[in-house]
Structures are given as structure tokens and as C-alpha cells.
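Peer 1: Letter by letter, the chains look like this.
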Amino acid sequence: GAVVSQHPSWVICKSGTSVKIECRSLDFQATTMFWYRQFPKQSLMLMATSNEGSKATYEQGVEKDKFLINHASLTLSTLTVTSAHPEDSSFYICSAEGDRETQYFGPGTRLLVL
Amino acid sequence: SQKIEQNSEALNIQEGKTATLTCNYTNYSPAYLQWYRQDPGRGPVFLLLIRENEKEKRKERLKVTFDTTLKQSLFHITASQPADSATYLCALHSGGYQKVTFGIGTKLQVIP
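Protein chains in written order, with this note's numbering: chain R, 1149 to 1262; chain V, 2 to 113.
Just so you know, these hints were derived from the structure itself, not from any lab. Certain hints may be false.
[Said to hold, decoys possible] If you anchor each label on the Cβ, the simulated ranges turn out as follows:
(1) D68/V to K1162/R: 24 to 30 Å
(2) Q110/V to K1162/R: 33 to 39 Å
(3) A84/V to D1175/R: 23 to 29 Å
(4) D68/V to T1165/R: 46 to 52 Å
(5) T27/V to K1162/R: 41 to 47 Å
(6) G42/V to L1216/R: 23 to 29 Å
(7) V46/V to E1207/R: 22 to 28 Å
(8) T1250/R to E6/V: 21 to 27 Å
(9) G96/V to E1207/R: 34 to 40 Å
(10) Q110/V to P1255/R: 18 to 24 Å
[Unchecked claim] With the C-beta cut set under 10 Å, the calculated list includes, among others, these residues of chain R facing chain V:
(11) V1152
(12) H1155
(13) C1161
(14) G1164
(15) T1165
(16) F1176
(17) L1194
(18) G1201
(19) S1237
(20) I1241
(21) C1242
(22) S1243
(23) E1249
(24) R1258
(25) L1262
Bear in mind that the values here come from a model prediction, so they are computed numbers and not experimental data. Even for Gly, the Cβ is constructed at its ideal location relative to N, Cα and C.
Please work from the sequences and hints to get the whole structure.
Peer 2: Printed below as a string of C-alpha cells:
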């Protein structure tokens, strides 16, 4: 139980294009999902907290207009990187809150912007 | 500012020995602390949670201790196996609606 999937697992795109990443909780409902970014040999950095049916809460320094988050249902949250640039290349990981104390992570999406 | 310190250098141990990983924190009053395992190119996998009023937690070959006076948690893997090789992250949570903060992780390599 408590499986979270992400799609795609990796994506290569040209600079200036937009990329959408999906995060799904497969066997449970998640009111809250989180989006993280991880650069090589660095810790997970929380980008935003996504609550079903409401606007996402972004961490300081994260541009909400660049990283669009939609949490339209209790099992799906999407992150869209708009007008991606090479510096946006990273490993993006989502998690879903199973209970207040536990997060279940997806397998991650590796984004490479050329 | 809040800070979580994990030994970012790799820890190499011989198969069968006990691996001990350290997580220290400053300027933080966590309600609970979690340990996760992360394999290369994968998302973290939850292992154990220990609360501020708990001294020790066990799960199979894993043991976690939590000393709020020292502001430290130790994560032990007994009878280590090559399959235990991964990066182990500690994460702190202040409770309520506060966010979880992750350490940088310690890479463990178990040598056959």
C-alpha cells in the first residue's frame, strides 16, 4: 500500500518549452502533496505544498508563475515547469501525505533542459 | 538558523558489521524525527519515525535513538548487507502544519 507514482520518469526538452510532471497516489487519497527538487549531492528542497482544491503554498524563493502546481483531485497533483531553462534541470520528486507524520515519495522525475 | 548535519562523506563498512549513522541538529525543536532510504535516481523510502518523547525505536535490523538533550539521532543497521548500500536521510518535523526538513544524507556502502 501507499504507492505514489510519477510520470514521466525522465524528460529532455528544449529551452523555452514547458514540461508537465504528474504525481499520483495509487491506493490512497492524499489531501496534501509536496513537490521537492534535488540537485546532485544535495538534500531535498521543498518547493511547494499542494492541497487539493486550493492554491499551492510556495516556499520562499520559488517562483509560483514558473512552477505551476495543480491539485485537482485527491489522487493527482501536477507540476508544470513553464519556459524551462537549463538551470531548471534537476530531479523533481513529489510526495503524498499518508497521515500527518508520514510522507510517501514518488520515484522522481529527472528533467534535462537543453 | 535551523541546521541539520549528517556526515555527507560516505561510510564504508564490512558486511555483517553494524553501521551507525549520525544526524545532528541545531536551532530546532522537532516533535519527531524520521529516517529515509534513498537509492540513486529514486525517491526516498520511509523507514522509521521516532518522537521527541521516545528514546529508541526498532524495526527488524534497524534501530534509531533520539537524544533531544544532545540534539542527535543515531541510526543503526545491524548485520549489514550489501543490499543496505544506499543514502540515508534524516528528516525533522516540528509537528502540526510545519514542513519536514531533510538532511543531506549519508551514503552507506556495505562491502561484501
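Peer 1: Are the hints correct? Go through all of them and say.
Peer 2: For each hint, the structure was consulted:
{"no.": "1", "hint": "D68/V to K1162/R: 24 to 30 Å", "result": "51 Å, violated"}
{"no.": "2", "hint": "Q110/V to K1162/R: 33 to 39 Å", "result": "38 Å, holds"}
{"no.": "3", "hint": "A84/V to D1175/R: 23 to 29 Å", "result": "25 Å, holds"}
{"no.": "4", "hint": "D68/V to T1165/R: 46 to 52 Å", "result": "49 Å, holds"}
{"no.": "5", "hint": "T27/V to K1162/R: 41 to 47 Å", "result": "43 Å, holds"}
{"no.": "6", "hint": "G42/V to L1216/R: 23 to 29 Å", "result": "25 Å, holds"}
{"no.": "7", "hint": "V46/V to E1207/R: 22 to 28 Å", "result": "23 Å, holds"}
{"no.": "8", "hint": "T1250/R to E6/V: 21 to 27 Å", "result": "24 Å, holds"}
{"no.": "9", "hint": "G96/V to E1207/R: 34 to 40 Å", "result": "19 Å, violated"}
{"no.": "10", "hint": "Q110/V to P1255/R: 18 to 24 Å", "result": "22 Å, holds"}
{"no.": "11", "hint": "V1152", "result": "8 Å, holds"}
{"no.": "12", "hint": "H1155", "result": "13 Å, violated"}
{"no.": "13", "hint": "C1161", "result": "19 Å, violated"}
{"no.": "14", "hint": "G1164", "result": "26 Å, violated"}
{"no.": "15", "hint": "T1165", "result": "23 Å, violated"}
{"no.": "16", "hint": "F1176", "result": "14 Å, violated"}
{"no.": "17", "hint": "L1194", "result": "6 Å, holds"}
{"no.": "18", "hint": "G1201", "result": "17 Å, violated"}
{"no.": "19", "hint": "S1237", "result": "14 Å, violated"}
{"no.": "20", "hint": "I1241", "result": "5 Å, holds"}
{"no.": "21", "hint": "C1242", "result": "8 Å, holds"}
{"no.": "22", "hint": "S1243", "result": "7 Å, holds"}
{"no.": "23", "hint": "E1249", "result": "6 Å, holds"}
{"no.": "24", "hint": "R1258", "result": "7 Å, holds"}
{"no.": "25", "hint": "L1262", "result": "20 Å, violated"}
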